Amino acid sequence: MSSIEEEQEEQEKQEKQQSVLVLGGGVCGIQVALDLADMGFKVYLVEKKPSIGGHMAQLDKTFPTLDCSACILTPKMVDVARHPNIELLTYSEVLAVSRASKSFEVTILKKSRYVNEDKCTGCGICAQYCPIEVPNEFDQGIGIRKAIYVPFPQAIPLIYTIDKENCIKCGLCERMCEAEAIDHNQQPMKITVTVGSIVVAVGFQLFDAKNKQEYGYGRYDNVITGLDFERLVNAAGPTGGHLARLSDAKIPKKIAFIQCVGSRDEKSGNLNCSRVCCMYAIKQAILAKEHIPDADIHVFYMDIRAYGKGFEEFYTRAKEEFNVKFVRGAVSEIVEIPETKNLIVRVEDTETGELLEKEFDMVVLSVGLTPPSDSEAIENILGISKGEDGFFSSPDPQIFTVDTNIGGIFIAGTAEGPKDIPDSVAQASAAAMKASVALVQLTQEEKHVEK
Amino acid sequence: MKNEEPKIGVYICHCGMNIAGVVNVEEVAQYIGKLPNVVVAKHYVYMCSQPGQALIREDIKQLGLNRVIVASCSPRMHEPTFRKVLGEAGINPFLFEMANIREQVAWAHMREPEKATEKAKALIRMAVARARLLEPISKIEVKVVPRALVIGAGVAGITATIDLAKKGFEVYLVEKKPYVGGHLALLNKLYWGKDASEVYTSLVKKLSHPNIKVLVNSDITKISGHIGNFEVKITQKPRCVTENCNLCGKCEEVCPISVPNEINLGLDQRKAVYLPLPNCYPPKYIIDKENCNSCGECLKVCRKKAINLDEKTREIDIIVGTIVVTSGFEPYKPKGEFGYGKYKDVITQLMLERLLSQNGPTKGELIKPSDGKKPRSISFIMCVGSRQELKEEQGEKPLNAYCSRFCCSSALKNALLIKERYPETQVYIIYRDIRTFGRRHEELYRKCRESWITFIRYKPEEPPKVTEKDGQLVVKVKDWLFKVNMEISTDLVVLVEGMIPREDTADLQAKINVTRSPDGFFQEAHPKMNPLDTFTDGLFIGGTAQGPKDVIDTVYQASGAAAKAAILLSRGRVLIDQVTATVNEEICTGCGKCTKVCPYTAIELDEIKEVAKVYDVKCKGCGSCSSTCPVGAVQVRHFKDAQILTMVENLLPFKED
Ligand SMILES: Cc1cc2nc3c(=O)[nH]c(=O)nc-3n(C[C@H](O)[C@H](O)[C@H](O)COP(=O)(O)OP(=O)(O)OC[C@H]3O[C@@H](n4cnc5c(N)ncnc54)[C@H](O)[C@@H]3O)c2cc1C
Ligand SMILES: Cc1cc2nc3c(=O)[nH]c(=O)nc-3n(C[C@H](O)[C@H](O)[C@H](O)COP(=O)(O)OP(=O)(O)OC[C@H]3O[C@@H](n4cnc5c(N)ncnc54)[C@H](O)[C@@H]3O)c2cc1C
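Each protein sequence line maps, in turn, to chains U and Y.
Quick note on my numbering: the first sequence kicks off at 1038 and runs consecutively.
Quick note on my numbering: the second sequence kicks off at 43 and runs consecutively.
Treat the hints loosely; a few may be bogus.
[As the list claims (entries may be wrong)] Pulled from the structure, derived: some chain U residues nowhere near chain Y, Cβ distances all over 12 Å:
{"id": "1", "residue": "K1147"}
{"id": "2", "residue": "I1169"}
{"id": "3", "residue": "V1171"}
{"id": "4", "residue": "P1172"}
{"id": "5", "residue": "N1173"}
{"id": "6", "residue": "G1208"}
{"id": "7", "residue": "R1212"}
{"id": "8", "residue": "H1221"}
{"id": "9", "residue": "M1226"}
{"id": "10", "residue": "A1286"}
{"id": "11", "residue": "F1359"}
{"id": "12", "residue": "S1369"}
{"id": "13", "residue": "K1395"}
{"id": "14", "residue": "G1420"}
[Claimed, not checked] Pairs of lysine-lysine residues, derived as DSSO-like cross-links and limited to a Cα-Cα distance of at most 30 Å, are as follows:
{"id": "15", "chain 1": "Y", "residue 1": "K525", "chain 2": "U", "residue 2": "K1395"}
{"id": "16", "chain 1": "Y", "residue 1": "K501", "chain 2": "U", "residue 2": "K1326"}
{"id": "17", "chain 1": "Y", "residue 1": "K525", "chain 2": "U", "residue 2": "K1304"}
{"id": "18", "chain 1": "Y", "residue 1": "K279", "chain 2": "Y", "residue 2": "K342"}
{"id": "19", "chain 1": "Y", "residue 1": "K377", "chain 2": "U", "residue 2": "K1356"}
{"id": "20", "chain 1": "U", "residue 1": "K1423", "chain 2": "Y", "residue 2": "K489"}
{"id": "21", "chain 1": "U", "residue 1": "K1326", "chain 2": "Y", "residue 2": "K161"}
{"id": "22", "chain 1": "U", "residue 1": "K1291", "chain 2": "Y", "residue 2": "K501"}
{"id": "23", "chain 1": "U", "residue 1": "K1356", "chain 2": "Y", "residue 2": "K520"}
{"id": "24", "chain 1": "Y", "residue 1": "K525", "chain 2": "U", "residue 2": "K1356"}
{"id": "25", "chain 1": "Y", "residue 1": "K354", "chain 2": "Y", "residue 2": "K264"}
{"id": "26", "chain 1": "U", "residue 1": "K1156", "chain 2": "Y", "residue 2": "K103"}
{"id": "27", "chain 1": "Y", "residue 1": "K501", "chain 2": "U", "residue 2": "K1395"}
{"id": "28", "chain 1": "Y", "residue 1": "K248", "chain 2": "U", "residue 2": "K1079"}
{"id": "29", "chain 1": "Y", "residue 1": "K410", "chain 2": "Y", "residue 2": "K489"}
{"id": "30", "chain 1": "Y", "residue 1": "K84", "chain 2": "Y", "residue 2": "K161"}
{"id": "31", "chain 1": "U", "residue 1": "K1249", "chain 2": "Y", "residue 2": "K489"}
{"id": "32", "chain 1": "U", "residue 1": "K1362", "chain 2": "Y", "residue 2": "K354"}
{"id": "33", "chain 1": "Y", "residue 1": "K248", "chain 2": "U", "residue 2": "K1423"}
{"id": "34", "chain 1": "U", "residue 1": "K1290", "chain 2": "U", "residue 2": "K1326"}
{"id": "35", "chain 1": "Y", "residue 1": "K507", "chain 2": "U", "residue 2": "K1362"}
{"id": "36", "chain 1": "Y", "residue 1": "K662", "chain 2": "Y", "residue 2": "K275"}
[To be verified] If you want a taste of the chain Y side facing chain U, the calculated C-beta under 10 Å gives, among others:
{"id": "37", "residue": "G58"}
{"id": "38", "residue": "M59"}
{"id": "39", "residue": "I265"}
{"id": "40", "residue": "Y444"}
Just so you know, the hints here were simulated from the structure itself, not pulled from any lab data.
These figures come from a predicted structure and were not determined experimentally.
Beta carbons: idealized from backbone N, C-alpha and C, even for Gly.
Please take these sequences and the hints and turn them into a complete structure.
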């Protein structure tokens, strides 16, 4: 063996000893974990939900190519599950991080699933027999799940979880489980790991459309959000992919999309653009047309921001091929007609100056992206700073977006500000690059000390 | 293995309701289960899920399967998933076949479930036939030379280079121009007053790293080889100024030749010996041989003896394991629209950047190029060369249908800056949509509105017109929102140009073999899941070479591309599946037709044996050679004629063999 090779192997071995923590298992965290693991580092991927996948797992198709979201995401999820360098800690949260000389000591809480992870085979018999039905968060509460559940069939890991809040302890699951995996007395576990670097990829939270009271979300059955829409058109969703009204299961013939709900809006407390809503609304308008070819579709917008590769072309297709009507104007109010549950949209068409009142069967709110739900807690635990907009922020956001004010900690994906999947994935790799450099520098410093 | 009786397991995926909602999966499984050699045929809700994979693994163990078929989606995403399952269960991953009954059946024939079911049967029957003839494929191991090449030293290339060097790898950074930095070097400010030249200076400082070799004034002449081992030929043009140069500038003073300065886009002149930019890297003068008349005046005044007019072109050969392509973009050049070229005071935004820049032709003083006076009124016209609408009569040249992504924010940045520096100036923004989607860019937009910058929205059908009236530029435009026809007397018109693929893209493409998207920029392997890989193994892309974007998005993309290269370099070796061409030397006549059609130069004529010879690591198994061979001597492993023909034969129903 040549000396170069030996050196390389040596380097590889040393890097293997180095570990890194990735926080958040959305598409961004998944990419960070895979890249670092592929470089030979040991990766702890911590996800607070029972499965990795994040928001992308909930989407139906993706703009502008209309690839099916789960179909392109699940191969990467599977890769995470089988990667020898990745230790996947789902249904887990980081409790504390302390700095131990150059590295970080991380305390992780592994919440109880009340199901033995090593024994559960994911067969699903338990859920078949469980008598308790609750709204399924994964389907935006439109469908139902049982008190013992997996969020979706391709979940990684495919291990059931008992939701203790709703479980009545009837014991049926325990009796039916052939693998004897149910453990009602399972205790949460604390795990401590030492890592050389941390990447925060905890994603975003959807703007709560209820805060925009004049649009009636939560009050009117047929006003839904963009993410609700994704579940409604998805073949694996609560309606089996039938786009129907929630009030009466009728097929909507007139659908309105309302842009900038909770974005670019002082009243909602978010002045910024959420970067993905124009495109996802265009995508959904096209999907609606594919489901209901004779549907009449309007998109009410301020500016259409079709900025990425193939986006403008996609926008043009929506107008020309699918005859989606784009109306520039801010919607002031939505009113429900109690008898029909149809919706009157009040809007000033800024192109004609006309005040319009239009009736629709269904209204989809293109809600914006807001900072991740745990941003406060993570800020406290890690000490990394946020920008004025509440998303995590680099001290030099004009150039190096993935850095933080703390050496060795990096940010990526929508936790760093709204962005679409391609940008989240590219930024994930950038964070992996920076983390790997931080880890290499640690090794070099250690070597130096040893000498 | 060849003599072993095929024992085939077939797995039909419901894909939730995607397939099962149309295709009668139970019926298909029953039918397929009866075909010869099929040991088991099952259907399951999601074959790609963990239990789905476990099902296959178990059956391989229990039933001794030696062939597996999954009938589900397109092989594009999940073929690797299932191949790995086979590998884990101890059988060769290539004894696997996929039948696409989702895209090609369930989705295509959603409203004809019965016919769809029959088609699903046919496709799987064909897969079964092929599976019988499948052969194991071995892997070839390729060592990865621990060195990277980065092509193009804009902000993307510099970033990728620094990252790789810090990670511990040797990097060659090759740049065509005599200085690094690309367009970043020409900008005045980035958003929010961030000084572009400060960013530039701090970045290029990091290039002084023992792992980095910067070759400016250089061009890639040829790349051959393959992932892990690319042989690269580089030509470095003479600079004619040596390391000794101390930037005293005497040479420039005495040089008698003046030519338009391309760095300032012709807004001023430079000499034949010149320093491209005061802070440029490498900080050395250069002699522009095309314009130099070798008068020797500079030689006389150079005390450091740093000038060598006889310097020759250098040829540099290197071997690298991976290549990162960061060759950037070109600003769109207006073709006479909006009075460009006709009126001197109609300029592009890049010219404006130069006019505002401290190191520009006016040292940052904003003037009208026509008379050097301060403009009192400025109009920005947006989307010049972007979002062009295709009209019937404009068929001759492809137009840029895309949005250039960086220009709205960039123009607003400049509008605001002008308002701050020259508060009395009237600024108009004539736009279609304002696309300030970047983080905090909406704030930029609001700030512009608060600063009394006038926004006028035009419709693409009625674009603004730039004319001249009594020596005064006038922009005529219909405000689409207020429905008024406006005539704006303006001193300076700034055309906010978009980004286009570089003119020499085709030339580079021929050398690196990376495909291009319909917009002309280099194409990523998957627009969402693999935005930094290309279809050529070992080559990665980042920055504006992949498509328009600003510095922020360029930089993280470049670091991401560096990560991909780092993975390869860290591993030190790659395993390549030997799905490659083979030559039957007994039949081969040595006609050489195959060597001419191979796009990868992977097949050559063996001079001694007079037969074709395949280089496995270069071969991509595309089959061009195989279909060209007049005698059928070339076959591609895994796609042999027999393996394909049996599928065709089995397409017809009720044919039992
Ligand atoms: C309606 C809608 C439609 C969209 N359509 C498209 C589209 O068509 N194409 C496209 O490109 N983009 C689309 N997007 C955007 C896309 O969803 C995002 O770009 C992408 O999901 C971002 O991935 P992420 O990993 O950054 O964040 P997320 O998907 O939010 O993932 C973050 C993960 O971190 C976990 N997490 C959070 N806090 C913690 C914690 N404290 N500890 C551990 N884990 C934690 C979360 O549970 C989650 O799994 C759409 C968005 C919406 C809302
Ligand atoms: C007028 C204008 C204003 C802008 N304002 C802003 C702003 O305010 N904020 C912002 O963030 N962004 C702004 N941008 C965008 C910014 O300039 C780009 O995002 C950035 O410069 C892209 O960097 P790059 O490295 O991808 O490409 P480039 O800067 O184009 O660099 C590519 C380099 O590769 C070299 N090269 C190409 N081919 C080869 C080859 N075959 N061999 C060797 N070398 C090669 C080129 O010579 C060049 O040096 C602006 C752009 C313009 C035009």
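Checked against the structure, which of the hints given earlier come out wrong?
-> Violated hints (numbers, rising): 32 and 39; every other hint is consistent with the structure.
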